[in-house]
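J.: Letter by letter, the chains look like this.
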Amino acid sequence: MAVRLPTIAVAALALAPLLAACNPDTLTEAERKQVASLSLAALAPLPPDPTNRVADDPAAAALGEALFFDTAMSPSGTVACGTCHQADRQFQDGLPLGKGVGATDRRTMPIAGAAYSPFQFWDGRADSLWAQALWPMEEAREHGGTRAFYVHVVAQKYRDAYEAVFGPLPDIAGLPPAAGPKGTAAERAAWEALDGGRQDGVNRAYANIGKAIAAYERTLLPAETRFDRFAAALAAGREPEGDARFSDLETEGLTLFLGSANCVTCHNGPRFTDDHFHNTGVPQAAGLPEDHGRAQAVPLLLSDPFNCQGPYSDAPGRCDELRFMIREGEELERAFKTPSLRGAAGRAPYMHSGQIATLEDVVAHYSAAPAAPSGHSEVNPITLTDRGRAALVAFLKTLE
Amino acid sequence: MSRNTKLLGAAAMLIVLAAAVFSAMRFFMAPPDDLDLARSKASAAGLYRVTIAPELEPIEQGPLQAFLVTVTTPDGKPVDDAKLSVDGGMPQHGHGLPTRPQASGPLGEGRYRIEGLRFHMSGWWVLKIGIEGPAGRDEADFNLVL
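Sequence lines, in order, name chains A and B. One rule links them: number in my numbering = place in the first sequence (from 1) + 156. One rule links them: number in my numbering = place in the second sequence (from 1) + 65.
Just chain A, same shape as in the assembly (with noise of 0.2 Å):
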């Protein structure tokens, strides 16, 4: 009997730290600072984007949230922006792989927050929303149209809306239906007939559609989720209340999250994103072409003339992000973009072609840290109990 107060204290003393686990008052003061840097609270205002003056205009972003809807934006009619970025499921379709006209190699990517990220796609090829915007559309997979195609819509259905956020459109008399220099060989033709003059307009006419969807875009952002109540109630020396309290196994995946699993090395910020690429071992998608990610997209970057510093932006002259931008090594070889965590648990599959169906296997994917098929992963091994894994999904889940 002597020995047995001593016992159950020692034993309480032990359980001490993983009751304290369980409460939110007595996370860490790293983690407590952690967990205000990852909260909406923190998130900065949107920064501007000089390369569009109209990043920020309401009409500029009604013109261009009537184009991202309209099916009208596609030589088939069937489809437009939101049939891949749908507006009740996060902007995406939840498919491996995006479908437009064709299957694309890509997973459709979320748009919420996306203008805070310098660059734009999995694999970075566009460094600004309008510049992004306006690849999809000349995609023959996606919506299959040519940039002659999307003046003369915009001529048809939206002369007034354009010319009054714009100014006037080019003449369009003359012009072929269909010309562009990524079309069919005939649309190239077309496009090689046309004289330097007219190209030029339709090219100022086309990169104005995409600041229209790109100021639409710019207003779709975050939306506050369990956590940011969570982290809100932590910053305020409140206990959580109501759905903002988080169960043991949520507290517990937050403190792996922050801690041993290192997931929020690269998933840091409001948004849960470095918004930088990393080679992370994701095996390639079975039967598409090698992906090489940020590899291959930085020359088309380079070569685009919609990008920052083309004859089409607003701002040549400010284009920090492609100034110091990586331009080779292996770093760049299958490295793909950070993606935001935020309502992550609801846009299953994972990865940018969809290669893993769930998030409990995007977690085994982590901790397993396989090599990967080409270039080097940046992700070391860890060991994650059963349990660990279920606390790092359900802490995922606090993000919906």
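These are computed hints drawn from the structure, not numbers from a lab. Be aware that a few hints might be false.
According to the in silico footprint, chain B covers these stretches of chain A (three or more CB under 8 Å from chain B) [unchecked claim]: (1) 382 to 392; (2) 413 to 425; (3) 430 to 442.
Pairwise CB distance ranges (calculated) [said to hold, decoys possible]: (4) A:Glu486 to B:Pro143: 34 to 40 Å; (5) A:Arg479 to B:Gly141: 30 to 36 Å; (6) B:Gly201 to A:Asp351: 55 to 61 Å; (7) A:Pro526 to B:Gly111: 43 to 49 Å; (8) B:Ala95 to A:Ala228: 53 to 59 Å.
Note that the Cβ used here is the ideal one computed from N, Cα and C, for glycine as well.
Since the structure of chain A is provided, determine the placement of chain B on it from the hints.
T.: Chain B alone, transformed into the frame defined by chain A:
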């Protein structure tokens, strides 16, 4: 001592062990405790004295930023005819800098400006400043913890 108490004791031992392993894992990824965080130091071969100053303090995770670098001789005379280069990375993650920062020419009084730095992850960063100057080529490595 009852059987239950013994079980409780054994459970406690396991928990202590688990907590220790957990702390060790976290410690493994934390920056070393004894990092030299000096912002002013002699270059590796002692040819120059190099001082770095972020233009914005504290150093922010995410945005592009600039540092002012001052190069002097060991006895404090400004070095205004050097060419600076920038390299670095995260030793614990095995990767370099996420951008390609560039150093300006001399701004006078031994000062140079490095633009285009980004620290996109938290943790231990190393910034290597190469100096090609009248006394020869040398390098100063600085540790930063975000």
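J.: Does the structure break any of the earlier hints, and which numbers would those be?
T.: Checked against the structure, the only hint that fails is number 1, while the rest are satisfied.
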